Amino acid sequence: MTSTATTASSTEPTGDRPAVAVRHLLAQVGRYTFLCVVLGFFALPLLWLATAPFDDTPTVTASLPAFTLDNFRALLDNPYALSSLLNSVYLAAGTAVLVVAFAALAAYALSRVRVPGRDALLYGLLLLSSIVTGTATMVPLFELAFRLNLIDSRLGVILILSGGLLPAAIFILKDFMDSTPTSYEESARVFGASPLQIMRHIVVPLVRPGLATVGVWAVANVWGNFLVPFLLLRGPDKAPAAVIMYTLYTEGGQADLRLLSTFSLLYSLPVALMFVFVSSRYGFRFHGGIKR
Amino acid sequence: MVEGARPVPGASPAPDAAGLGRARATGFLVPAMVLILVFLVVPAAWTIYLGVTNYRLTGLAAAHPEVVGLDNYTRALGDERFRTSLLLTLQFVLGSAVIGQAGLGFAIAFALRDRRGPLRRLVEGFVLLSWILPSSVVAFLWIALLDRDAGTLNALLGIPGTAWLLDHPMLSIIVFNTWRGTAFSMMLYAAALENVPRSHLETARLAGASTWQQLRDVVFPHIRGHVLTNLLLISLWTFNDFAPFLITAGGPEQRSEILPVYVYKVALSGGELGFGAAISFVMLLINLVIALVYLRMLGRRKEAA
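Quick mapping for you: the protein sequence lines, in order, are chains D and W. Residue numbers for the first sequence, in the numbering used here: 863 to 1154. Residue numbers for the second sequence, in the numbering used here: 3 to 307.
Because the hints were derived from the structure by calculation, they are not lab data. Remember, predicted model here, so these are calculated numbers, not experimental data. Even glycine gets a Cβ: it sits at the ideal position worked out from N, Cα and C. Just to be clear, a hint being listed does not mean it is correct.
[Claimed, not checked] Ranges of calculated distance between the beta carbons of each label pair, as one might list FRET restraints:
1. W:Asp116 / D:Leu909: 28 to 34 Å
2. W:His66 / D:Leu1017: 29 to 35 Å
3. W:Ala64 / D:Leu1128: 38 to 44 Å
4. D:Ala928 / W:Trp214: 45 to 51 Å
5. D:Arg1096 / W:Leu294: 35 to 41 Å
6. W:Gly273 / D:Ser1141: 42 to 48 Å
7. W:Ala64 / D:Gly979: 36 to 42 Å
8. D:Gly979 / W:Asp116: 44 to 50 Å
9. W:Trp214 / D:Tyr894: 17 to 23 Å
[Unchecked claim] Partner residues aside, some chain W positions facing chain D, computed with beta carbon under 10 Å:
10. Thr28
11. Val44
12. Tyr57
13. Ile110
14. Val125
15. Leu135
16. Pro136
17. Phe142
18. Ile145
19. Gly276
20. Gly301
Build the full structure now, drawing on both the sequences and the hints.
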């Protein structure tokens, strides 16, 4: 410890152990402080969602609840709360089925048959779907739905959302299809199976993880989507949870916090569970794919 | 493309194994292509047409819209509200995406880079949760958090009565969107940091390089491509984000009226579909520029690989 006098010369790599140690310690302290602040920042807004639904007298302040489950009764009293969740299920399921089926067919054709200009087509579609967002095209989408008689129609919402999700879905599934061997298909063909049979009995089981990925991704997208149903659906009877949630806190008078808090929780639960399921099963992480 | 000449790793198995044939392959493509054509291509093209008309939701111009040429565009350029909105959007993208999400996302990924175990899972869990919850729910969570009289934030800071959403609407939605979207950047940079050779960092540290020097000279050169990818994608998404509407609805007095909210108010609440379409077209062009830069970059990296 007598050598502390030499610490000033920090360019010397060997002569300043204590300084390095101190700096290392400071860096560690700084790092943990930073991580705690980050944790606080991200957890703070979520506190209310965890406490208010179970609080005897919920306010907008997050606080330790006087525990009760009575608030959930508010869900039953509101005519639109539970039915809006069903509407969300309907929209999400409809879109997911359509996207998975159509994207699988298209991806298979693009993977196995050399269509001229295939790569250009794929990139063109991907480009298109990333620039033609619901936000940038809300005017023509509204107008189009009006002309096609799809205003106030849940089918309209499903079709519009599917159109937007399909290009990326095809792109993802084509990657899966490309990496499956074609030898099974060849032997099935030798035994006289039709292309649709081959698709159903051989290709679909092989790319099931890909189909599941796309399905989950489509459901997550539709479940949270606010803009498209907000633009197209008129009455509260057809509105999904995203829109009902918005009307609950914007429309008229004092917001019913019992209803709002329990409804928020119930509406958030499916995506949270889906996330837990996906991350425990596959690990929620980016591997090679994204970094291209 | 020249791909046909030689097998490229990752390219399709060429031969038609299932005996699909051109005709059936086309049949397989049709359902998806029809939906894409009707609900993506047509709206994009229609935006261009609507943008040069005086089309309105109601009234005389609703029944007989007239082509007015570039009037909508010249009107937009002269419109104070449009220019303010454009400027606010720029603030929103720079503040919440480029600085907020990318900066915070990188910082978190860097701080967690050699950690495993509960702390990492906890931090990542909360960051991801704020990303996956439905936007109308998180919008209300932030309204509750920032509430003037009983909000948790004011209670914590001991300053009841501070009306964040009224006095600082832009700051509020910028911080909100940073909170909302950091997860993507964090995960992308976490994956990118695994590409940085540990030995290089170790060497730099032993040579006495400060954290900042390590970042600049060792880490950054390895993740430059990821940074660019990240910035372009989150800028595109943030530019098209409608969630601030759910919190401030553009107010008060249009002080947080970013372009998506502006278009909604002018075209769908106000009924000026033609003028709104012109603004939408400007948005599409901006999207196109960002996406083209991104695709060009992908192409270049593929060639280099």
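Structure-based check of all given hints:
1. W:Asp116 / D:Leu909: 28 to 34 Å: With a Cβ separation near 30 Å, W:Asp116 and D:Leu909 satisfy 28 to 34 Å, so the hint holds.
2. W:His66 / D:Leu1017: 29 to 35 Å: 30 Å, holds
3. W:Ala64 / D:Leu1128: 38 to 44 Å: Holds, at about 41 Å.
4. D:Ala928 / W:Trp214: 45 to 51 Å: 49 Å, holds
5. D:Arg1096 / W:Leu294: 35 to 41 Å: 38 Å Cβ-Cβ, so the 35 to 41 Å window holds.
6. W:Gly273 / D:Ser1141: 42 to 48 Å: 45 Å, holds
7. W:Ala64 / D:Gly979: 36 to 42 Å: Because 41 Å falls inside the window, the suggested range holds.
8. D:Gly979 / W:Asp116: 44 to 50 Å: 46 Å, holds
9. W:Trp214 / D:Tyr894: 17 to 23 Å: 19 Å, holds
10. Thr28: 7 Å, holds
11. Val44: Where the cut-off is 10 Å and the nearest Cβ of chain D is about 6 Å from W:Val44, the hint holds.
12. Tyr57: The hint holds - W:Tyr57 has a Cβ within 10 Å of chain D, the shortest such distance being about 8 Å.
13. Ile110: 6 Å, holds
14. Val125: 6 Å, holds
15. Leu135: 5 Å, holds
16. Pro136: For W:Pro136, the interface hint holds, since the closest Cβ of chain D sits about 4 Å away, which is under 10 Å.
17. Phe142: Result: holds, 5 Å to nearest chain D Cβ.
18. Ile145: Since the shortest Cβ distance to chain D is 7 Å, the answer is holds.
19. Gly276: 9 Å, holds
20. Gly301: 9 Å, holds
The structure agrees with every numbered hint stated previously.
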